[in-house]
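Student: These are the residues of each chain, in order.
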Amino acid sequence: MATPSRLGSFELAALLAVARLGHGAYGLAIRRDLSDRIGREYSVGAVYTTLQRLEAKGLLKSHTTDPLPVRGGRSRRTFTITGAGSRALRAAERDAAALWAGVGTIRPEPA
Amino acid sequence: MTKTVRIPSLEDSNDATHGRSVTERLLRIVGVDPALVDCVLGDLAEERAERSATQGAVLAWLWCIEQAVRSTPHLLLSAYRYGGPAARLRLCAALGVVGIALAGIGTAIALRDGPPARIITALANSEAGIVVNNINPVQLPLHVLDKRGHRLKSPRVHFERASGAPISVSPSGEITCRVAGDAIVRATSGAATQEMKVLCRPVIDIRESSWIDLVAGDPPRELPFYAVGLNGEAVDELRGTILVTDSTVATYDGNMIRARNVGRTHVLIKVGDQATPMSVVVHELVQSFESLRPNQSDVARRVRLAMGDTLRWALPPGAFWLKYIPQRASETPPTITLEGNVGCSSGDGVRTYRMPVEEYGKYCVAKSGASVLLAHGANGLPVVEGSLLLQRAP
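These protein sequence lines are chains A and B, in that order.
Start counting the first sequence at 293; every next residue gets the next number (the working numbering).
Start counting the second sequence at 8; every next residue gets the next number (the working numbering).
Hints were generated in silico from the structure; no laboratory data involved.
Please note: incorrect hints may appear among the correct ones.
If you want the ones that stay clear, here's a sample from chain B, every Cβ over 12 Å from chain A, calculated [unchecked claim]:
id : residue
1  : V39
2  : A52
3  : A56
4  : Q74
5  : H81
6  : R88
7  : C99
8  : G103
9  : A124
10 : A135
11 : I137
12 : S177
13 : Y233
14 : P301
15 : W320
16 : C351
Across the chosen pairs, the derived CB separations fall in these ranges [unchecked claim]:
id : chain 1 : residue 1 : chain 2 : residue 2 : range
17 : A       : D328      : B       : G197      : 52 to 62 Å
18 : A       : V362      : B       : C99       : 45 to 55 Å
19 : B       : I36       : A       : A393      : 22 to 32 Å
20 : B       : W68       : A       : G316      : 45 to 55 Å
21 : A       : V395      : B       : L33       : 42 to 52 Å
It should be emphasised that the depicted structure is a prediction, and the values quoted were computed from it without experimental measurement.
All C-beta atoms, glycine included, are put in the ideal place defined by N, C-alpha and C.
Given only the sequences and the hints, what does the whole structure look like? Please build it.
Tutor: Here it is, written out as structure tokens:
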């Protein structure tokens, strides 16, 4: 089995958004999901280049729909997670859990 | 009834032939993946349609523009990262063109003219006022600068006489000096105003020596001319140009003319509306007037006579001017006597001095055996010093 890809924080967020949205994961929906959860407005270009990178890493695969009037006659590109993507998410979850292990309530040091 | 709703998209500027918007074509040209372009533009169109319905078309467009600006670096980076060598080259070329264009725009902005901020005279040494020697109307020379000191190319300047002598000043800045006197002229361009002193010194004539003789190696001499004003008297304040035709023979600097090399040239003196030429002859210093080569037409010998001294020099046969110039201006010449078979007159019938600069000048025709005798004379000077010039007629 190949070693799961290391993910950047925004890559991880995008991959998780695709996982959440399921079959309805395409650029606009993913960007809105990320903005709602993180509270920050991302640019369309930033989201798509990240999705493109994840696809190039083999963590996502995409499918192009028929042209849609609502998109000015352009197609929609929907994304789904591949097996490697699932493994990368699990690995990231484990890494995060390992990092958080042993950390109790975080209190700031008195000044 | 069916209502057709037009979905706005970035293809509002569609190219009819290819069905692609300018934006899409540009992104493809610089090497961005067409599929990625399609996704991005599709998302923008979809969301703009939604925002138009809820926020209005203007805000939707603003959002769209902001997204386009923010997305561009990501798309270009993607093109570089995933594009082939040709696409990368295209991207670099496109970025280069954009960079050059931006630099050009920046330069143009930096160099653009601002509003008039300062008016200055376009003449050097005009602190005491602008001297005008013309009788005919003449444009007052001014420059209008913006606050960064850039000279405006075609500024609108309004002129008027503020006070002083009754000179005529047109709104466009033409000055007519019919009388001599000082006047204050006000120039206004936008918010900038400048008052300047105009010194009207009209010149009606330039009186000069027809020529000036110099000896190679001698110190520079003052140009022998003066300008005549309306009342017939000399005008001291002059503004004009003095041009030496051949600067290898003589040069002009600080009202003095300096000999550089043996030869002949001209000086053109221009003051106000008047102009006059003056011949300049630089003589070659020789030890004798005898056995001159055919090309030695302008020669000179040094003269130094103590009290009681005399000099007798043989003269070459032919026609020539014989002149004496003192070492120091206005010093009395020695006594000059021509001996032998020689006849002299004060002119050759063609060339005349309007303002004699030499203390002595004769036009002579000599035959073999003629000579010139120079004696100290009785002028009271312990030593008489100067040069005897011989200028052979062609």
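Student: Enumerate the violated hints, using their earlier numbering and listing them in ascending order.
Tutor: 1, 2, 3, 4, 5, 6, 18, 19, 20
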